[in-house]
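Enquirer: Sequence:
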Amino acid sequence: MPDFVAAALASAVFCLGVIALNALTRLALQAHLAPDGLAENGFLQYGGALLLAGTTYRRATRVPQRFAAE
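If you're matching positions, the sequence shown starts at 1065 in this note's numbering and goes up one per residue.
What the hints contain is simulated information worked out from the structure, not anything from laboratory work.
All the given hints hold, so there is nothing to weed out.
Restraint ranges, calculated between C-beta atoms of paired labels, are given here:
{"no.": "1", "residue 1": "Leu1088", "residue 2": "Arg1123", "range": "21 to 27 Å"}
{"no.": "2", "residue 1": "Ala1087", "residue 2": "Arg1123", "range": "20 to 26 Å"}
{"no.": "3", "residue 1": "Phe1068", "residue 2": "Leu1115", "range": "17 to 23 Å"}
{"no.": "4", "residue 1": "Val1127", "residue 2": "Ala1095", "range": "43 to 49 Å"}
{"no.": "5", "residue 1": "Leu1091", "residue 2": "Thr1125", "range": "29 to 35 Å"}
{"no.": "6", "residue 1": "Pro1128", "residue 2": "Gly1106", "range": "35 to 41 Å"}
Note that the Cβ used here is the ideal one computed from N, Cα and C, for glycine as well.
Build the full structure now, drawing on both the sequences and the hints.
Expert: What follows is the structure, given as structure tokens:
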């Protein structure tokens, strides 16, 4: 996959990851399952979304083994 497409996919995953993690944080705060110090758009949400985006980028740019041997 070209690097541009992989970067676009990773950025989309990052945005969707932040939205999903913020929604889960909001639900956890409303259900009183999370501490009060946990806030939306915090380090945990951005770190989790960055981890997902990095994994997506690495998997998108990886060369399959069957092509690497040729």
